[in-house]
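K.L.:
These are the residues of each chain, in order.
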Amino acid sequence: MANASPLVNPVVKAMGEEPSFKIGDAVRISVRYPVGHYRVPTYVRGKRGTVTAIPYAGINNEDEGFGKNAGVKAYYYRLSILLTELWPGYTGGASDRLELEVFETWLEKI
Amino acid sequence: MEEHDHSHDHDHDHSPIESPGDVPPSYYEVMETSLRELLIEKQLIAPGEIRRQLEVLDSRTPALGAKVVARAWVDPEFRSRLLEDGRSACEDFGITFYDDTKLIVLENTDKVHNLIVCTLCSCYPRPVLGLPPDWYKAKPYRARAVKEPRAVLKEFGTQIPEDVEIRVSDSTSMVRYLVLPRRPEGTKDFTEEQLAGLVTRDAMIGVITIEPVN
Numbered sequence: 004m005a006n007a008s009p010l011v012n013p014v015v016k017a018m019g020e021e022p023s024f025k026i027g028d029a030v031r032i033s034v035r036y037p038v039g040h041y042r043v044p045t046y047v048r049g050k051r052g053t054v055t056a057i058p059y060a061g062i063n064n065e066d067e068g069f070g071k072n073a074g075v076k077a078y079y080y081r082l083s084i085l086l087t088e089l090w091p092g093y094t095g096g097a098s099d100r101l102e103l104e105v106f107e108t109w110l111e112k113i
Numbered sequence: 003m004e005e006h007d008h009s010h011d012h013d014h015d016h017s018p019i020e021s022p023g024d025v026p027p028s029y030y031e032v033m034e035t036s037l038r039e040l041l042i043e044k045q046l047i048a049p050g051e052i053r054r055q056l057e058v059l060d061s062r063t064p065a066l067g068a069k070v071v072a073r074a075w076v077d078p079e080f081r082s083r084l085l086e087d088g089r090s091a092c093e094d095f096g097i098t099f100y101d102d103t104k105l106i107v108l109e110n111t112d113k114v115h116n117l118i119v120c121t122l123c124s125c126y127p128r129p130v131l132g133l134p135p136d137w138y139k140a141k142p143y144r145a146r147a148v149k150e151p152r153a154v155l156k157e158f159g160t161q162i163p164e165d166v167e168i169r170v171s172d173s174t175s176m177v178r179y180l181v182l183p184r185r186p187e188g189t190k191d192f193t194e195e196q197l198a199g200l201v202t203r204d205a206m207i208g209v210i211t212i213e214p215v216n
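Chains U and V supply the protein sequences, listed in that same order.
Residue numbering for the first sequence follows our numbering, starting at 4 and increasing by one per position.
Residue numbering for the second sequence follows our numbering, starting at 3 and increasing by one per position.
Calculated from the structure, these hints are not laboratory results.
Quick caveat: nothing in here was measured; it's all calculated off a predicted structure.
Hints may be right or wrong, so weigh each one.
Said to hold, decoys possible - Below, computed lysine-lysine pairings styled on DSS-like, alpha-carbon distance capped at 25 Å: (1) K50/U <-> K149/V; (2) K156/V <-> K139/V; (3) K112/U <-> K50/U; (4) K112/U <-> K25/U; (5) K44/V <-> K50/U; (6) K71/U <-> K44/V; (7) K44/V <-> K113/V; (8) K139/V <-> K149/V; (9) K50/U <-> K71/U.
Pulled out of the complex, with its shape left as it was, chain U reads as follows (with noise of 0.2 Å):
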C-alpha cells in the first residue's frame, strides 16, 4: 500500500482483482443501514454518480471490521454527485458537486 499509486494500484492483481466499474460510468450509491459505522455517509445513499477515479484497492474493511475475513481486495472508486441530485432545491451552481470515495460493494450499475 505504501507505494500505490493514487490512481491504479499497481500490484498484480489475482482473479476477482480487477475494477468492476470505469472512469465515467454512472453508478448508484446502494441504500442499505446496517447496524455500525460505515463510510458511506447516509446524505448519500440511493444518489446517483459518476466515477471519476479508482485511487485504491482494500479489503472489505467493513467485514474485516467485524472480526470476519475480508478476503480478496476490490476498490474504491471515487465518485462526482451533483449537488442539485444530493439536495432537491439547491440553489448554487449548476454544476456545483461533491466528490467522495466508496467502496465498491456499495455501488451499483445504472
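The hints should help you fit chain V onto chain U, whose structure is shown.
P.N.:
Chain V in isolation, oriented as in the chain U frame:
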C-alpha cells in the same frame, strides 16, 4: 473516584500523556487508557510508541503545506507530479507520511473552487497540515459544507462567482485532500519563500482564496 481514602502520595505514576488528574477521567478516557495499557501488556506496541506518534503529529504544521504549494507555483514539473500523486510528490519533497493515507491534491482554477470536509469525523491531511482547526471538526461545518457550500464560504468572507464550479470533497476513506490555491496576482517577482508566506491553512482547506498582493 469515590471512596478515595488512600493518600495522594501514592507512587503509581499517571501516564504523562493523560490529562491532568484534577478531574475524573471520562468514560472514553478510561476506555482509551485501558486499551493502551492492554496493547502494551500484550507487547503489541511499546510504551513509547504512542508518545512518539503524538510528537510526530504535533510537529506538523500548515507551514509544510505552504511550502508544497509554493513549490507547485514555481515548478510546473513538481506541480504536475503533485496533482498526479500527492503523497509521493510530498515524500520526494521531504515530507514523510506516518500512516497509510493517500493524498489527492485539488487544484483551484478560474473554473473550479475546491473545498474539503470530513462529514463522518475529522479526516484531514495531517501529514502536511498538522491538526485540523476546531471548526473543521465541529458539526455545523461538517453538515453545511456539503449542503450549502456557497453560504459557508460567504461566512468565511469568500465570494465565488456563480459560473465557477464548487467542488466539495468529503473524506470517507484512506484518501486525504489538500487544496492547491490559485497563485495571487502581484506575486510575479516573489521568491518561493515569499510565496510560501502567503499560503495559509484556510486556503489549503479551501474556505478562502489568497488575496492579490499590491
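K.L.:
If any of the earlier hints don't hold here, list their numbers in rising order.
P.N.:
Result: hints 5, 7 and 9 break, sorted rising.
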